[in-house]
Structures are given as C-alpha cells and as structure tokens.
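> Could you build all of it, start to finish, from the sequences and the hints given here?
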Amino acid sequence: MRWLLALLLALAPVPLLADSGLPPAYWANRQLPDPRQEAKARGLMEELRCLVCQGQSIADSDAELAGDMRDLVRRRIAAGERPDKVRAWLIARYGSWISYRPTAEPAAWPLWLAPAALLLIGAFLIRRRIGARR
Amino acid sequence: MRFAPLALLLLVVAALVWRLATPEDTTVKSRMGGQLVPDLVLHSALPGGPDRPLRSGSCGPVVVNFFASWCVPCIAEAKRLAELKRQGVPIFGIAIRDRPQDVANFLARNGNPYEELAADPQSKVQIAFGASGVPETFVIDPYCIIRHQHIGPIEQEDVPIIRKQWEDLRK
Numbered sequence: 074m075r076w077l078l079a080l081l082l083a084l085a086p087v088p089l090l091a092d093s094g095l096p097p098a099y100w101a102n103r104q105l106p107d108p109r110q111e112a113k114a115r116g117l118m119e120e121l122r123c124l125v126c127q128g129q130s131i132a133d134s135d136a137e138l139a140g141d142m143r144d145l146v147r148r149r150i151a152a153g154e155r156p157d158k159v160r161a162w163l164i165a166r167y168g169s170w171i172s173y174r175p176t177a178e179p180a181a182w183p184l185w186l187a188p189a190a191l192l193l194i195g196a197f198l199i200r201r202r203i204g205a206r207r
Numbered sequence: 806m807r808f809a810p811l812a813l814l815l816l817v818v819a820a821l822v823w824r825l826a827t828p829e830d831t832t833v834k835s836r837m838g839g840q841l842v843p844d845l846v847l848h849s850a851l852p853g854g855p856d857r858p859l860r861s862g863s864c865g866p867v868v869v870n871f872f873a874s875w876c877v878p879c880i881a882e883a884k885r886l887a888e889l890k891r892q893g894v895p896i897f898g899i900a901i902r903d904r905p906q907d908v909a910n911f912l913a914r915n916g917n918p919y920e921e922l923a924a925d926p927q928s929k930v931q932i933a934f935g936a937s938g939v940p941e942t943f944v945i946d947p948y949c950i951i952r953h954q955h956i957g958p959i960e961q962e963d964v965p966i967i968r969k970q971w972e973d974l975r976k
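Quick note, the sequences are listed as chains A and B, same order.
Per my numbering, the first sequence runs over residues 74 to 207.
Per my numbering, the second sequence runs over residues 806 to 976.
Simulated from the structure, these hints should not be mistaken for laboratory data.
Since this is a predicted model, take the numbers as computed values, not measurements.
The beta carbon of each residue, even a glycine, is placed where N, CA and C say it ideally should be.
Please note: incorrect hints may appear among the correct ones.
What the hints assert, rightly or not - Simulated restraints, written as ranges between beta carbons of each label pair:
id, chain 1, residue 1, chain 2, residue 2, range
1, A, L192, B, V822, 24 to 32 Å
2, B, D844, A, W185, 32 to 40 Å
3, B, E962, A, Q127, 25 to 33 Å
4, B, P965, A, P175, 37 to 45 Å
As the list claims (entries may be wrong) - Derived coverage of chain A by chain B (criterion: at least 3 residues anywhere in the stretch with Cβ under 8 Å from a Cβ of chain B; other residues may be distant):
id, segment
5, 92–100
6, 119–129
7, 138–150
8, 155–167
As the list claims (entries may be wrong) - In silico BS3-like pairs for lysine-lysine, Cα to Cα no more than 27 Å straight-line:
id, chain 1, residue 1, chain 2, residue 2
9, B, K884, B, K834
10, B, K929, A, K158
11, A, K113, B, K929
12, A, K158, B, K834
In structure tokens form, the structure reads like this:
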C-alpha cells in the first residue's frame, strides 16, 4: 500500500518552478525602432547564456528572466551603450559563464589549441599512411 | 596500436559514466561578493509602501532575500525566515515579478518575516545582484558590501549558518 502511494506521488506533476503572473517586460519581445541598434542588440543577445535554460541563449529562451535580460540589453543599447560594455557588466555579475564568446582565460586555452592539435594529429596520420604505402 | 579503438571507446564510456554519476553543478554563483550593493532606488512591494534606496549611510548588517509569491520553494522557506526573524535577524525582502496584491496574499498565508519589502517587477535588482533565481539570499555588511550568497531555499540547517554570517558582521 505504501509503495503504491509513493508511486502515485512520484507520478503526480509537481510545479516546482511556476511562472509569475506579470506580462513580459516592454522590450523583451519587441524590436528596437532603429534597425542598426536592433542588430547590435540581437548579436549580443545571441551570445548571452540564459540563466534558467542553461543551454540556450537569451535570444532563444522563453524563460521570463531571459525576457527581462533582453529588455535590459535593448534598453542599454538604445541608450547608446556599446555591446561589449553590456557584456562586461553582465560578466561582472555572473562570470564569463554568461557569455558564449570564448575568452583568453587559461580555462579556455584547450579550446584555442584544439584546432592546431587536431591539424597536427591529422598531418601525423597522413604521413604515416603515405610512409606505409611506400 | 591494434587496441587503440577499444581503448578510445573505454575512455569515452568512462567519461560518460563519470558525468552521469557526478552531475554538473548548474548553480551560477554571483560575482558580486565583496562588491557594493547596486545603487538602485526600490519601490515597495506592497500597495502604498515607501520607496527605499538600496545603498545608504549604513546598510546593515542585513539579510536580503529574493522571493516571489509564485515560487513554490519560497513557501517552505518562509518558516526558516520566520525563525531567523525570531532570532533578531533583520530581513529585507525583494519580490521578483510580483503584483502587490499577490505579495500581500502570500504574506498573509505564510507569515511576514520581512522588515522591509521592495518590488522587482522586471528582475532588474535580481540581475544587478548577479542572482539567477528564486529563492536566493544575500548577507550585506554595514558598509553596503555583499558578503555572502545562499542559492536556493534556506533549509533548517542553513538557519544557524546565515544567523552566524549576520552576527559576525555586526561588530
């Protein structure tokens, strides 16, 4: 009986992270009137990681926090701030985690070195193949 | 060399098993520790309440708690916050994306542990703190510097920890 109850409880949907009842922020799903500014904001939003849906950019995510962050990005770009400054402001709060663009930090060195390493391994393999055929 | 593919396969499987056994930590810690609290003026979360600057001559020590009426874990956390209040810890509540009447209902149902209450309808304060969800809690020192962060609901065992963090900043 107890396990049946436990099973039923496990099957019952638990709304752990409900959404708020407030509408999205003004600039969350609205383009800026100036297409050049919108393009800048868009470029930045595609490189910022959503804190809720962590595999998505804030441009892709439907999470409310992502909407609020799009609003923040568009407002700052519209106020004349450069995308790099907005990115730096967010990195100061969440770390380089928030940005998809790789940095020059030591943690990212394997990423930068990987293409060179793969090319070297490829060259080595080809040389061996050619050497073996002769 | 003949066993290289097999070794490679084993390596990949080992890596996958390891990641499954120890899942990645997905909490995002704020980088604002040791920094001044954001210089913002906040509106009250309740109808007709006063505006309040976040930064002032003497900030605390105070516990800043981000919560929301639509946040389920916040209901359980309300009891722990009440416990902290009983122990004399002042708590500054910031309601994320909330309506005044919903906040009032939430407090009527779960008790009001907050000395002051501010609204954050567009998550601006939350982002300025480097917080990524609700509930989340920060401890601020008398000079308005963010000292500690607690991610997720405060559990029973966290109460003495937060109480001590606050106590240590009083001197």
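> Work down the list of hints and note, for each, if the structure agrees.
For each hint, the structure was consulted:
1. A:L192 / B:V822: 24 to 32 Å: holds, 31 Å
2. B:D844 / A:W185: 32 to 40 Å: 37 Å Cβ-Cβ, so the 32 to 40 Å window holds.
3. B:E962 / A:Q127: 25 to 33 Å: holds, 27 Å
4. B:P965 / A:P175: 37 to 45 Å: At roughly 42 Å between Cβ atoms, P175 of chain A and P965 of chain B fall inside 37 to 45 Å, so the hint holds.
5. 92–100: holds (count 5)
6. 119–129: That given contact holds, which follows from 3 residues of the segment 119–129 of chain A lying within Cβ reach (below 8 Å) of chain B.
7. 138–150: holds (count 5)
8. 155–167: Coverage by chain B holds for the segment 155–167 of chain A (5 residues, Cβ < 8 Å).
9. B:K884 / B:K834: holds, 24 Å
10. B:K929 / A:K158: holds, 17 Å
11. A:K113 / B:K929: holds, 21 Å
12. A:K158 / B:K834: Between K158 of chain A and K834 of chain B the Cα gap is close to 21 Å, so the pair holds against 27 Å.
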